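Fit chains B, C, D, E and F to the supplied structure of chain A, relying on the hints for placement.
Protein chains: 6
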Amino acid sequence: MGLAVFLSLCGRLKRLPRSGWLIGGVGRAAAESIADHVSRTVLITSLFCDLINSGQEYSVDCEKALKMALLHDLPEVYTSDMGKETTQYIGLEARRRAEEKALKDLLAMLPRNLQDDYWAILAEFRSQKSVESQLVRVADKLEVVLQALEYEKAGYLHGLTKGMLEELDGAAKVCDNQHVNDVIRDVKENFGIATVEEK
Amino acid sequence: MGLAVFLSLCGRLKRLPRSGWLIGGVGRAAAESIADHVSRTVLITSLFCDLINSGQEYSVDCEKALKMALLHDLPEVYTSDMGKETTQYIGLEARRRAEEKALKDLLAMLPRNLQDDYWAILAEFRSQKSVESQLVRVADKLEVVLQALEYEKAGYLHGLTKGMLEELDGAAKVCDNQHVNDVIRDVKENFGIATVEEK
Amino acid sequence: MGLAVFLSLCGRLKRLPRSGWLIGGVGRAAAESIADHVSRTVLITSLFCDLINSGQEYSVDCEKALKMALLHDLPEVYTSDMGKETTQYIGLEARRRAEEKALKDLLAMLPRNLQDDYWAILAEFRSQKSVESQLVRVADKLEVVLQALEYEKAGYLHGLTKGMLEELDGAAKVCDNQHVNDVIRDVKENFGIATVEEK
Amino acid sequence: MGLAVFLSLCGRLKRLPRSGWLIGGVGRAAAESIADHVSRTVLITSLFCDLINSGQEYSVDCEKALKMALLHDLPEVYTSDMGKETTQYIGLEARRRAEEKALKDLLAMLPRNLQDDYWAILAEFRSQKSVESQLVRVADKLEVVLQALEYEKAGYLHGLTKGMLEELDGAAKVCDNQHVNDVIRDVKENFGIATVEEK
Amino acid sequence: MGLAVFLSLCGRLKRLPRSGWLIGGVGRAAAESIADHVSRTVLITSLFCDLINSGQEYSVDCEKALKMALLHDLPEVYTSDMGKETTQYIGLEARRRAEEKALKDLLAMLPRNLQDDYWAILAEFRSQKSVESQLVRVADKLEVVLQALEYEKAGYLHGLTKGMLEELDGAAKVCDNQHVNDVIRDVKENFGIATVEEK
Amino acid sequence: MGLAVFLSLCGRLKRLPRSGWLIGGVGRAAAESIADHVSRTVLITSLFCDLINSGQEYSVDCEKALKMALLHDLPEVYTSDMGKETTQYIGLEARRRAEEKALKDLLAMLPRNLQDDYWAILAEFRSQKSVESQLVRVADKLEVVLQALEYEKAGYLHGLTKGMLEELDGAAKVCDNQHVNDVIRDVKENFGIATVEEK
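Residue numbers (my numbering), protein chains in the order written: chain A, 129 to 327; chain B, 129 to 327; chain C, 129 to 327; chain D, 129 to 327; chain E, 129 to 327; chain F, 129 to 327.
One chain only, chain A, in its complex shape:
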């Protein structure tokens, strides 16, 4: 099995920084790791799913959503966290292809059925059609906003950018879920950010 190698490689996500904060001047020891970010993204995803499933209007596949959140940055083991500008210069498509190749190679270390399952879960995430994929994307963007607010609270200036809020609002609009929107509203109110009404 290549599981030991796979798990060990995943340790890189703890050592690789989320580069946006570094570029912004947060300081190399204060900048969170990719694993840090994944951790709370999974947590937010769990909250979203459980709020929705409690609501009982309809239900989402929580296990699948949790795995999307858990694995969506897996390729960064090889491609690291490419900041906004790096992605612009590489090109979003080129970045996606690179991440797909990296993902393929990483999953190849797993037993075949797990490869297929994880590949399918992440393909679904990429296509952004299912509610699970959409709420995970919101979780991802909300996590960034929370972190930016925490850096600002600690004294770093301009942690939170207009772009981050726009990405969050954009993802929330696509997801179009009342429970998800309630959480976002709560965050914005708690931190004093003007709320844009989502339908």
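Please keep in mind that the hints were generated in silico from the structure rather than gathered at the bench.
All values reported here derive from a predicted model rather than from experimental measurement.
Just so you know, not all the hints are guaranteed correct.
Unchecked claim - Pairs of lysine-lysine residues, derived as BS3-like cross-links and limited to a Cα-Cα distance of at most 25 Å, are as follows:
hint: 1; chain 1: B; residue 1: K229; chain 2: C; residue 2: K212
hint: 2; chain 1: F; residue 1: K212; chain 2: E; residue 2: K232
hint: 3; chain 1: D; residue 1: K212; chain 2: A; residue 2: K232
hint: 4; chain 1: E; residue 1: K281; chain 2: A; residue 2: K290
hint: 5; chain 1: E; residue 1: K229; chain 2: F; residue 2: K212
hint: 6; chain 1: E; residue 1: K212; chain 2: F; residue 2: K229
hint: 7; chain 1: B; residue 1: K212; chain 2: C; residue 2: K229
hint: 8; chain 1: F; residue 1: K281; chain 2: B; residue 2: K281
hint: 9; chain 1: D; residue 1: K232; chain 2: A; residue 2: K212
hint: 10; chain 1: A; residue 1: K281; chain 2: C; residue 2: K212
hint: 11; chain 1: F; residue 1: K212; chain 2: E; residue 2: K212
hint: 12; chain 1: D; residue 1: K316; chain 2: D; residue 2: K290
hint: 13; chain 1: A; residue 1: K281; chain 2: E; residue 2: K281
hint: 14; chain 1: D; residue 1: K212; chain 2: A; residue 2: K229
hint: 15; chain 1: D; residue 1: K281; chain 2: F; residue 2: K290
hint: 16; chain 1: E; residue 1: K281; chain 2: A; residue 2: K212
hint: 17; chain 1: B; residue 1: K281; chain 2: D; residue 2: K212
hint: 18; chain 1: F; residue 1: K229; chain 2: E; residue 2: K229
hint: 19; chain 1: C; residue 1: K281; chain 2: A; residue 2: K281
hint: 20; chain 1: C; residue 1: K281; chain 2: E; residue 2: K290
hint: 21; chain 1: D; residue 1: K290; chain 2: B; residue 2: K281
hint: 22; chain 1: C; residue 1: K281; chain 2: E; residue 2: K281
hint: 23; chain 1: D; residue 1: K281; chain 2: F; residue 2: K281
hint: 24; chain 1: B; residue 1: K212; chain 2: F; residue 2: K281
hint: 25; chain 1: B; residue 1: K290; chain 2: F; residue 2: K281
hint: 26; chain 1: D; residue 1: K281; chain 2: B; residue 2: K281
hint: 27; chain 1: C; residue 1: K281; chain 2: E; residue 2: K212
hint: 28; chain 1: A; residue 1: K212; chain 2: D; residue 2: K212
hint: 29; chain 1: D; residue 1: K229; chain 2: A; residue 2: K229
Claimed, not checked - Sample of chain F residues facing chain D (criterion: CB under 10 Å; computed from the structure):
hint: 30; residue: G152
hint: 31; residue: G153
hint: 32; residue: V154
hint: 33; residue: A157
hint: 34; residue: A158
hint: 35; residue: Y279
hint: 36; residue: E280
hint: 37; residue: A282
hint: 38; residue: G283
hint: 39; residue: Y284
The C-beta atom is built at its ideal place from N, Cα and C for all residues, glycine as well.
The following block gives chains B, C, D, E and F in isolation, referenced to the frame of chain A:
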């Protein structure tokens, strides 16, 4: 809702170190955060569950296991990561009571149904009776061993201790699952650690 | 002798952070160590004693006070620096018992007469009855306020909390010493903090 | 002029790490910055040029070589330091195109004549035909080897890889210069690395 | 040859911090290294030279200026970066003599002709008579101002001091070059600092 | 009073690193601060004094020794921690003069009687004639050895140098005290360092 406050408090898990490494001399900027550890523990849990469920001998509740892995260190938002000796001096029971109170206060920020669900999930984890709780405990211990091996690989001496291996083996013995044991064996072989046969 | 082991264990105080700053977002490489804090607490204690002893109204046992300041966080070698919330959840009494046990085990590495002397000095510190113990407690609280102000000066927000000032003022009130109060007043004026008159 | 913006953006090279060391476990505060690497690459380049020009067999354009060394990582202001695997997955060509676009945008902030000069210098570096471009490439590779050896000297394991030595030897072979080879030989002997004879 | 030892010693410039930032509270992992500072000083020097040489009123020896910028902090391999107050207490003359001795010992590791050349270049830099030496000194001071502004932008207070601006303006006045002054003006305008007219 | 300013300036000792470790490659976030070093030096001093005073052959002035240990690096607030080579180039006498001037200026912030007392205590330390001054010097050197051993234990190579042991043995020889020698012997045996018999 207290969700914004809850999510923001969870950001502490990124800033609080896993203290064992600090004590061992890994260096304050190289020591992983609690969130780093949770991240890979959830990943290992996912692998365990999916290997077991693929095997189709029986099935485990993956969603529940993922949530156990995700939330089991949640109280550390308030109680931080107490190292081995600190726990000895505080006393394991006193530590558990503290973590339960902290957990209660944290979950109180969530809607009632989520509180109850998460409390139940973590109570099940603490009782270590179900296969889900047991495999999550193995995931937790295996994650520590992997991290210790990575620190050793980077040059830190005595990252991996006899105690860590004993805890892993002990948890694996209780779990007594072939798929879980296969992963552990793979890790030990990959890193050149003598394997103790688990029944 | 266990002195070598004792001295080596004390090296942990350099590696363990003062966790409050970490939680507040100061950054893992900017957060001071327990040893850093002890260093200036001993210095403040020396100043307090020498100011009092110069005043010649009465005299304090400076050697004893210095040892109190030097040793009062010694148990943290094993129990680390428990932040405010951790202490609340563990319980102040449970924390004190843990620190006493840790202290006992640490002092047991020393020759018997030193064990007894240091134990007595720290028991006196804990009982907070003597002027030496009280002025050391003020030194401890003043040191925190100074550090908070320095973090704020560097740009970290909310370094200094109302609670820190209340603890300082509370300790100063118990100590009720003119020289000690003069130093506190000087710090508050220098940093632009409103002074509360102590009787 | 966009010089102020240009110079400020170049400050990022101090904040962005050379990612290979991070991945290898060097620790986020011990890993050098891109600017750190450029600094010594320029120094090595100067030594190479001055040794060659002293030799008086022929002469190299030292000013041009220094500028190549100084500017060759300039695009990383936007594209950051892509590690070996990231480059594999992005593709060397895609990476080069990205770096060219980033370079173009950065140079566009400078007065027109400087744009043209720097663009020409870096185009010459990329084509690796002139002796200046070849010796700068050796300087770049030698710098990595030196840094790896220093990390190993400090206790990090496997700092120096076979690949790093191969890249150095490969670049040296193309450059085929006696003075350059003397320096490499001196480094290898000093650090106890087996020397491969270059013609 | 002592080139290997020389190059390895120069690696210290990456590990030694620019102490002013540390003293000011920037945080040990966010404080730039001496090599970081040299890197951008060389870049600014290159821009100055190329702007002047493009202007074609007269020309400066760019290669010499680049080497001045590259080597001017070389002695700090042995003497490290002495902050403002340290220099005051050591005495500027004593510091200069120490740096000259250190420089001599470092250059002694190089082939004789390089020793002489580099010694001459740095002697010229020290005497501050030639336009090359003067513009490198401006580059040095401008680099500090840029870094201070970046720290302020990230949230550190009082990064930029009146003294830093005075040193920059003073060096610019001596250099008295229109192109150099244009760059300084652009920086000040870009960052909102009041400009003092230079003649 | 200048006490507030004095105490605040002393905070620098927490931010300034002990530069030897940095130069040796320990990593900027793992290198201890001057305050860290002072902390354990005071502790070792206390142990030395109490061991001697328990022995009751003669007695040492513990309060004075503790203050020597506490204050002996005070000038480094202004002069920082000058490494071995820096001291060689500056010259030991020039360094001492600088430290005396810095000390004078720092103590000038204190009430007059404290100035005189502290100046006398440190003059006595510098003259190295009294047993208190000699045992504090041993404490200082032993502290370095302990820290070097701890860095080695964590995986840093060559933490402990021959020079460090020679300085320790030299200081111990001058001090020529059985209790002090017993502690040194215990450290050497504990860490497996060959002991040189002191008379």
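Now for the hints, and whether the structure bears them out:
Pair hint K229 (chain B) plus K212 (chain C) holds up; C-alpha atoms about 15 Å apart against a cutoff of 25 Å. Of the supplied pair hints, the one linking K212 (chain F) and K232 (chain E) holds, its CA atoms being roughly 17 Å apart against a limit of 25 Å. Restraint check for K212 (chain D) and K232 (chain A): satisfied, since their Cα atoms lie roughly 17 Å apart, inside the 25 Å limit. At most 25 Å may separate the alpha-carbon atoms for a hinted pair to count; K281 (chain E) and K290 (chain A) meet this at roughly 17 Å.
For the suggested pair K229 (chain E) and K212 (chain F), the alpha carbons sit about 15 Å apart, so the restraint of at most 25 Å is met. Restraint check for K212 (chain E) and K229 (chain F): satisfied, since their Cα atoms lie roughly 15 Å apart, inside the 25 Å limit. Among the hinted pairs, K212 (chain B) with K229 (chain C) is consistent with the structure: their alpha-carbon atoms are about 15 Å apart, no more than 25 Å. With a C-alpha separation of about 15 Å, the suggested pair K281 (chain F) and K281 (chain B) falls inside the 25 Å cut-off, and the hint holds.
Distance restraint check for K232 (chain D) and K212 (chain A): the Cα-Cα separation of roughly 17 Å lies within the 25 Å cut-off, and the hinted pair is therefore satisfied. With a C-alpha separation of about 19 Å, the suggested pairing of K281 (chain A) with K212 (chain C) holds against the 25 Å cut-off. Distance hint between K212 (chain F) and K212 (chain E) is fulfilled; the C-alpha atoms sit about 20 Å from each other, no more than 25 Å. In summary, the hint linking K316 (chain D) to K290 (chain D) is supported, as the alpha carbons are separated by about 13 Å, within the 25 Å threshold.
Our distance criterion of 25 Å between C-alpha atoms is met by K281 (chain A) and K281 (chain E), whose separation comes to about 15 Å. For the hint linking K212 (chain D) to K229 (chain A), the alpha-carbon distance of about 15 Å falls within 25 Å, and the restraint holds. Among the hinted pairs, K281 (chain D) with K290 (chain F) is consistent with the structure: their alpha-carbon atoms are about 17 Å apart, no more than 25 Å. Proximity of K281 (chain E) to K212 (chain A) is assessed by CA-CA distance (about 19 Å); at most 25 Å being required, the pair is judged to hold.
Of the pairs offered as hints, the one joining K281 (chain B) and K212 (chain D) holds, with about 19 Å between alpha carbons and a cut-off of 25 Å not exceeded. With a CA separation close to 24 Å, the supplied pair K229 (chain F) and K229 (chain E) stays within the 25 Å bound. The suggested pairing of K281 (chain C) with K281 (chain A) holds, with an alpha-carbon distance near 15 Å, which does not exceed 25 Å. Proposed proximity of K281 (chain C) and K290 (chain E) is supported: the alpha carbons are some 17 Å apart, at most 25 Å.
Between K290 (chain D) and K281 (chain B) the CA atoms are separated by roughly 17 Å; this keeps the pair inside 25 Å, and the hint holds. For the suggested pair K281 (chain C) and K281 (chain E), the alpha carbons sit about 15 Å apart, so the restraint of at most 25 Å is met. Simply put, K281 (chain D) and K281 (chain F) have alpha-carbon atoms about 15 Å apart, close enough for the 25 Å limit, and the pair holds. Between K212 (chain B) and K281 (chain F), the direct Cα distance comes to roughly 19 Å. Compliance with the 25 Å bound is thereby established for this hinted pair.
With a C-alpha separation of about 17 Å, the suggested pair K290 (chain B) and K281 (chain F) falls inside the 25 Å cut-off, and the hint holds. Taking the CA atoms of K281 (chain D) and K281 (chain B), the gap is about 15 Å. The hint holds against a cut of 25 Å. The suggested pairing of K281 (chain C) with K212 (chain E) holds, with an alpha-carbon distance near 19 Å, which does not exceed 25 Å. Proposed proximity of K212 (chain A) and K212 (chain D) is supported: the alpha carbons are some 20 Å apart, at most 25 Å.
Restraint check for K229 (chain D) and K229 (chain A): the C-alpha separation of about 24 Å stays at or below 25 Å, so the hint holds. With a least beta-carbon distance of about 7 Å to chain D, the hint placing G152 (chain F) at the interface is held under the 10 Å criterion. The interface hint given for G153 (chain F) holds, since its Cβ lies 3 Å from the closest Cβ of chain D, which is under the 10 Å cut-off. Hint status for V154 (chain F): holds, given a least beta-carbon distance of 7 Å to chain D, under 10 Å.
Taking 10 Å as the C-beta cut-off, the interface hint given for A157 (chain F) holds, the closest approach to chain D being about 4 Å. Because the smallest distance between the Cβ of A158 (chain F) and any Cβ of chain D comes to about 7 Å, under 10 Å, the interface hint for this residue holds. Against a cut-off of 10 Å between C-beta atoms, the interface hint on Y279 (chain F) holds, since the closest Cβ of chain D lies about 8 Å away. A cut of 10 Å between beta carbons decides the hint on E280 (chain F): the least distance to chain D is about 8 Å, and the hint holds.
Among the interface hints, the one on A282 (chain F) holds; its C-beta lies about 8 Å from the nearest C-beta in chain D, closer than the 10 Å criterion. At about 5 Å, the closest approach between the beta carbon of G283 (chain F) and any beta carbon in chain D falls short of 10 Å, and the interface hint on this residue holds. Evaluation of the Y284 (chain F) hint against chain D yields a held restraint, the C-beta minimum of about 4 Å falling below 10 Å.
Consistency with the previously given hints is maintained throughout, with no hint failing.
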